[in-house]
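K.L.:
Reassemble the complex: the two chains are provided individually, in unrelated frames, and hints are given to aid placement.
Residue numbers (this note's numbering), protein chains in the order written: chain A, 1 to 115; chain B, 116 to 230.
The reader is advised that the hints may include incorrect statements.
[Claimed, not checked] Only part of the chain B face toward chain A is listed, based on derived beta-carbon distances under 10 angstroms:
id	residue
1	Asn122
2	Asn143
3	Tyr146
4	Gln160
5	Arg226
[To be verified] No more than 25 angstroms apart at the CA atoms, straight line, and that leaves these computed lysine to aspartate or glutamate pairs for DMTMM-like:
id	chain 1	residue 1	chain 2	residue 2
6	A	Lys68	B	Asp217
7	B	Lys184	B	Asp171
8	A	Lys58	B	Glu116
9	B	Lys186	B	Glu145
10	A	Lys69	B	Asp217
11	A	Lys97	B	Glu177
12	A	Lys58	B	Asp217
13	B	Lys133	B	Glu168
[To be verified] Sample of chain A residues lacking proximity to chain B, with all beta carbon distances greater than 12 angstroms (derived):
id	residue
14	Glu15
15	Val19
16	Val29
17	Leu33
18	Lys49
19	Asn61
20	Lys69
21	Ser70
22	Ser73
23	His75
24	Thr77
25	Pro79
26	His82
27	Ser84
28	Asp85
29	Val93
Keep in mind that the hints were calculated from the coordinates and are not lab data. Glycine included, each C-beta is placed from N, C-alpha and C at the ideal position.
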Amino acid sequence: AQSVTQLGSHVSVSEGALVLLRCNYSSSVPPYLFWYVQYPNQGLQLLLKYTSAATLVKGINGFEAEFKKSETSFHLTKPSAHMSDAAEYFCAVSDRKGSNYKLTFGKGTLLTVNP
Amino acid sequence: EAQVTQNPRYLITVTGKKLTVTCSQNMNHEYMSWYRQDPGLGLRQIYYSMNVEVTDKGDVPEGYKVSRKEKRNFPLILESPSPNQTSLYFCASSPGAGRSSDTQYFGPGTRLTVL
Numbered sequence: 001a002q003s004v005t006q007l008g009s010h011v012s013v014s015e016g017a018l019v020l021l022r023c024n025y026s027s028s029v030p031p032y033l034f035w036y037v038q039y040p041n042q043g044l045q046l047l048l049k050y051t052s053a054a055t056l057v058k059g060i061n062g063f064e065a066e067f068k069k070s071e072t073s074f075h076l077t078k079p080s081a082h083m084s085d086a087a088e089y090f091c092a093v094s095d096r097k098g099s100n101y102k103l104t105f106g107k108g109t110l111l112t113v114n115p
Numbered sequence: 116e117a118q119v120t121q122n123p124r125y126l127i128t129v130t131g132k133k134l135t136v137t138c139s140q141n142m143n144h145e146y147m148s149w150y151r152q153d154p155g156l157g158l159r160q161i162y163y164s165m166n167v168e169v170t171d172k173g174d175v176p177e178g179y180k181v182s183r184k185e186k187r188n189f190p191l192i193l194e195s196p197s198p199n200q201t202s203l204y205f206c207a208s209s210p211g212a213g214r215s216s217d218t219q220y221f222g223p224g225t226r227l228t229v230l
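Looking at chain B on its own, in the form it has when it is part of the complex (with noise of 0.2 angstroms):
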């Protein structure tokens, strides 16, 4: 089944310490985006990666770091985490075969709790 998978589903943390929420893809994409979603505020784009080890950043990328070292899997780092990160979190993959109707697709989300 194509997908996006993301872990952990659900975390709660404290401030300062280091976390990774892993996104993977098995449709071959080349574009993985970060999102967060927040109350009110619709989702927002964090980091965005054309293909490995070629990212960059989106409308909101304090306090967050990506990599992209294989092509199916696209981290999303925060190296000291703050409570003003707490969000729910989407990674998306498309084709991005140069086409802007492409359907991007959402994996199931991550719900971060930064105490």
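Bound-form chain A, shown alone (with noise of 0.2 angstroms):
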């Protein structure tokens, strides 16, 4: 089965600051991953995600994460973090078994940002 690792469950910034929020993956075949933020008292909505047509994938709201291979992981980065970017941050991979087209999600990571 597949597997979703995010190391730290709670990431802090001050605005402006890079943000970096990783995800690392297990998967017996060739992954198609995805980013999701939830935002306080919301759904879950689609940041990003990767379907090996390019290794860097760009998404909303300025951030991009790159499916690095060999070291199995797809990170997520924003150059410069705003206030409205704080929120829970979920990776996910697809986990297909047959018909179900299940995700697996990774426990979150919550982004602060100080002001």
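P.N.:
Here it is, written out as structure tokens:
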């Protein structure tokens, strides 16, 4: 089965600083990887996804992630944090079994942005 | 607007009182799924459905039932809720046309408290 590990349950940055949220995956097949964001009291919104077309994936709100097969990583970055980026971020891997298109999620990383 | 809707958004109930959380999508998606989100555990799949009248268990199905009588609706039923089912529930849908890379779209969530 596929799995995802998010290093750091809580990351705190200053406004304007680099955001780096770490995600490592375990997969027996070429993976499809996703980053979702959850703002307070809201559902999950897709930030970006890797589908093997390009290793550097650009998403919404200035986020991007780089797929590194050798490191089994898919870290999420943003050059300059904004107060509105404060949210919980989930990395997920497509864990398809037959007709079940399940996503296996990491435990999430709560991003705090300090003024 | 393409969306997944859930009702109710918040629910407080007592042990043993049957309840239903509704989920509806307007994107003509084949695949629908329920997840629960608990602190420190991320999201875990409860049930999924590949099509009308086709449902199957996910990772944590105990205490839950689902039905898929229409393509757009996928209600989650708790016939005898218990306090350990206090959680945040998300419904999701995706095209399900054989592509593991398809984005899954999430509803806004239902926060359930069982006393």
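K.L.:
Does histidine 82 of chain A sit more than 12 angstroms from chain B, CB to CB?
P.N.:
Consistent with the label, histidine 82 of chain A stays out of reach of chain B, its closest Cβ about 23 angstroms off (over 12 angstroms).
K.L.:
Would the hint on asparagine 122 of chain B stand, with a C-beta cut-off of 10 angstroms toward chain A?
P.N.:
violated (13 angstroms)
K.L.:
Does glutamate 15 of chain A sit more than 12 angstroms from chain B, CB to CB?
P.N.:
The claim holds: glutamate 15 of chain A sits with its nearest Cβ about 26 angstroms from chain B, beyond 12 angstroms.
K.L.:
Would serine 84 of chain A pass as off the interface with chain B, using Cβ distances and a cut of 12 angstroms?
P.N.:
The claim stands: serine 84 of chain A keeps its Cβ more than 12 angstroms from every Cβ of chain B (closest is about 19 angstroms).
K.L.:
Just checking, valine 93 of chain A versus chain B, shortest CB gap more than 12 angstroms?
P.N.:
Its Cβ does come within 12 angstroms of chain B, the nearest being 10 angstroms, so this is violated.
K.L.:
Between lysine 186 of chain B and glutamate 145 of chain B, does the CA-CA distance stay at or below 25 angstroms?
P.N.:
holds (7 angstroms)
K.L.:
Does the alpha-carbon distance linking lysine 58 of chain A and glutamate 116 of chain B stay inside the 25 angstroms limit?
P.N.:
Answer holds: lysine 58 of chain A to glutamate 116 of chain B is near 24 angstroms, not above 25 angstroms.
K.L.:
Is the hint on tyrosine 146 of chain B kept, meaning its closest Cβ partner in chain A is under 10 angstroms away?
P.N.:
Holds. Min distance 5 angstroms.
K.L.:
Less than 10 angstroms between beta-carbons is the criterion; does arginine 226 of chain B satisfy it with respect to chain A?
P.N.:
Where the cut-off is 10 angstroms and the nearest Cβ of chain A is about 9 angstroms from arginine 226 of chain B, the hint holds.
K.L.:
Under the criterion of a CB-CB separation shorter than 10 angstroms, is asparagine 143 of chain B in contact with chain A as hinted?
P.N.:
Violated. Min distance 16 angstroms.
K.L.:
Would the hint on glutamine 160 of chain B be counted as holding, given a Cβ-Cβ threshold of 10 angstroms to chain A?
P.N.:
Hint on glutamine 160 of chain B: holds, closest Cβ of chain A at ~5 angstroms, below 10 angstroms.
K.L.:
Looking at proline 79 of chain A again, its CB stays over 12 angstroms from all of chain B?
P.N.:
holds (25 angstroms)
In the structure shown, a violation is registered for the earlier hints numbered 1, 2, 16, 17, 18, 29, in ascending order.
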